Amino acid sequence: MGELKVEKHVEYILTVEKKKDDFESVVMEHLRLNGAYWGLTTLDILGKLEAVDKEEVVSWIMQCQHESGGFGGNIGHDAHVLYTLSAIQVLALFDKIDVLDVEKVANYIASLQNEDGSFSGDIWGEIDTRFSYIAICSLALLHHLDKINVERAVEYIVSCKNLDGGFGCTPGAESHAGQIFCCVGALAITGSLHHVDKDLLGWWLCERQVKSGGLNGRPEKLPDVCYSWWVLSSLIMIDRVHWIDKGKLVNFILDCQDKQNGGISDRPDDAVDVFHTYFGVAGLSLLEYPGLKAIDPAYALPVDVINRIFIGK
Amino acid sequence: MIGEEEEEDARIPISQRPEWADVRPVPQDDGPNPVVPIAYTDEFSETMDYFRAVYLADERSPRALQLTKEAIFLNSGNYTVWQFRRLILEALNADLCAELNFVNQIARENSKNYQIWHHRRWVAEKLGSEVASKELEFTKEIFSQDAKNYHAWSHRQWVLQALGGWEDELAFCDELLEDDIFNNSAWNQRYFVVTRSPLLGGLDAMRDSEVAYAVKAILAKPENESPWRYLRGLYKNDIKSLVNDPRVASVCLDVLTDKRNLVHALNMLLDLLCNDYQPSNEMKDAVDGVAPESNPPGTNLVERVCSVLIMVDPIRANYWEWRKSTVCVQD
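Which chain is which? The protein sequence lines are W and Y, in order.
If you read the first sequence in the UniProt record's numbering, its first letter stands for residue 1, the second for the next number, and so on.
If you read the second sequence in the UniProt record's numbering, its first letter stands for residue 1, the second for the next number, and so on.
For the record, the hints were derived by calculation from the structure and aren't laboratory data.
In this text the structure is predicted, and so the values were computed from the model without any measurement.
Positions of the beta carbon are idealized from the N, C-alpha and C atoms, including for glycine.
Hints may be right or wrong, so weigh each one.
Taking beta-carbon pairs under 7 Å as the criterion, some of the chain W residues facing chain Y (in silico) [claimed, not checked]:
1. H77
2. C169
3. N216
4. R218
5. P219
Computed list of lysine to aspartate or glutamate pairs in EDC-like fashion (alpha-carbon distance at most 20 Å, straight line) [stated by the list, open to error]:
6. W:K211 to Y:E225
7. Y:K112 to W:E3
8. Y:K216 to W:E220
9. Y:K324 to W:D199
10. W:K147 to W:D98
11. W:K5 to W:D273
12. W:K248 to W:E3
13. Y:K236 to W:D199
14. W:K211 to Y:E321
15. W:K54 to W:D101
16. W:K161 to W:D197
17. W:K248 to W:D269
18. W:K221 to Y:E178
19. Y:K148 to W:D266
20. Y:K324 to W:D245
21. W:K211 to Y:E223
Use the sequences and the hints to build the structure in full.
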């Protein structure tokens, strides 16, 4: 039975920037805001968020804001909802949402809703249920769901439901665990889970578990640690998580650790990255691995952060 | 990162190119103590510094267009560069067919990159239905490397609905399934075609032949999740309709008689039994043929089916226990 190497993972996250000439770091430049969310949320789950300078992070995030109100992936980048959500989430971790001009950000997001209820990612018009989730999650955190047509948004998501009970990126697209998380999360946040056939979807989701104990994202694909989040959080939201073998999944995630250098990879013995480190740790939190802060499956933020936002300090 | 032929010759730093002499590059501002500071290569730094200069100046010129190409070759994930490239293409009223060829170069090496697919869609949309077959051909190429590429399937579905080209789509699904009967994306596409193609008769017209197709696939590989789900999908998950089609119980019986790869067949049988399916003696015998001997006497058929499921699919024992607890009792 393995164990979670907490100190190693904290070290990994705090020192990932010190790699020189790392091609992977270079190509992450434009999505550094996502990287900050993955890294910082992981630290918070591990109880080590105080290792980071809050003021510096907040100051940098605000420099990522575009005149439209949305956020880019880094300073000088165009606005997109992907980074806008990460910005809001990181500010939430630090209890600093109040530095935002909330109206402005909310208006930016709301402006991206289309006639059919779907959401574009930015002014260039790409449509995907990922963006429906992002918009709904963001606006809920900002207490501004009133700025969109929630009914239409839900209708669009439901139109992406497939006969296997799952959801795709657009109507007719193949069910995929990542898209399912987005759709189920959005429906959960808007109080619309009655549109989900929980038994049918629960069965599809529990079929993602393969012999090694890991989860894949679609039938006949390889397991990947990130599905420990997408599949697991979906199962929790529809109250069917007991249908998978939790112990085997815990072991799979622990096997994906780099126990020498810290970090978690997509599957055992592959290279680690911040993305998979976050999803592995978040997955373990959902599985109630001891010593980790609880994480909310719909908002993908620690429960105490969510309570602070919705219940007050 | 693979570049064009020019890049095989030594790259001339931008600062040494005469056509860029009038531009002052703008360095990356990471702030004094970057949160996630990143180390850069010289070539990357220089290219992005010059990109930043033209981006901030909103210079939509041919040299800026060329620069975005270089930046994209260095990092095809940088969405801001792609977006600025689109603005330049529009401003210059550029040749979009040539643009598709450029995307071809990049896409093969980066087939899971959201920006590339989105850019391709933007270009194709502007060119219209004349590029439908080219776009379908392009996704087909991507599938030859990765037949389940989610982006490519999404693009293909968009092409069919926006630009047309449905004629050979069912045959295309046939091809892919012949290559790999387990390809869930191809099964999904099959459903997409059957239900949405303007050239076929719709689900009701196609159902009969599609059931036969699914049954054949099941018999070939009973452990294949996809054709079982497809079968259910053909009847829109209405189990009573599945009961009324004798081919469904029949394929379950065939799989059980073979005594291998039982899970999906048993699962389907369980659903049938709960919806007034009257099992033949043959079916009961087939279940007995695979049931554990430890079953206490007097257990009914449904309970026996559930106990086999728990035995052959232990990782989902909780799910099968739940099924057992909720099914109606029938014998």
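Verification of the hints:
1. H77: Result: holds, 4 Å to nearest chain Y Cβ.
2. C169: 6 Å, holds
3. N216: Violated, because the Cβ-Cβ distance from N216 (chain W) to chain Y comes to roughly 10 Å (cut-off 7 Å).
4. R218: 5 Å, holds
5. P219: Holds, because the Cβ-Cβ distance from P219 (chain W) to chain Y comes to roughly 4 Å (cut-off 7 Å).
6. W:K211 to Y:E225: 15 Å, holds
7. Y:K112 to W:E3: Roughly 33 Å separates the two Cα atoms, so the pair is violated.
8. Y:K216 to W:E220: Holds. K216 (chain Y) to E220 (chain W) sits at ~19 Å (cutoff 20 Å).
9. Y:K324 to W:D199: 14 Å, holds
10. W:K147 to W:D98: 19 Å, holds
11. W:K5 to W:D273: 15 Å, holds
12. W:K248 to W:E3: Measuring from Cα to Cα gives roughly 13 Å; hence the hint holds.
13. Y:K236 to W:D199: 15 Å, holds
14. W:K211 to Y:E321: Since the Cα atoms of K211 (chain W) and E321 (chain Y) sit roughly 19 Å apart, the hinted pair holds (cutoff 20 Å).
15. W:K54 to W:D101: 19 Å, holds
16. W:K161 to W:D197: It holds: about 10 Å lies between the C-alpha atoms, which stays within 20 Å.
17. W:K248 to W:D269: Distance of about 18 Å is within 20 Å: holds.
18. W:K221 to Y:E178: The hint holds at about 18 Å.
19. Y:K148 to W:D266: Holds - the C-alpha atoms of D266 (chain W) and K148 (chain Y) are around 18 Å apart, at most 20 Å.
20. Y:K324 to W:D245: 18 Å, holds
21. W:K211 to Y:E223: Within the cut-off at roughly 14 Å; holds.
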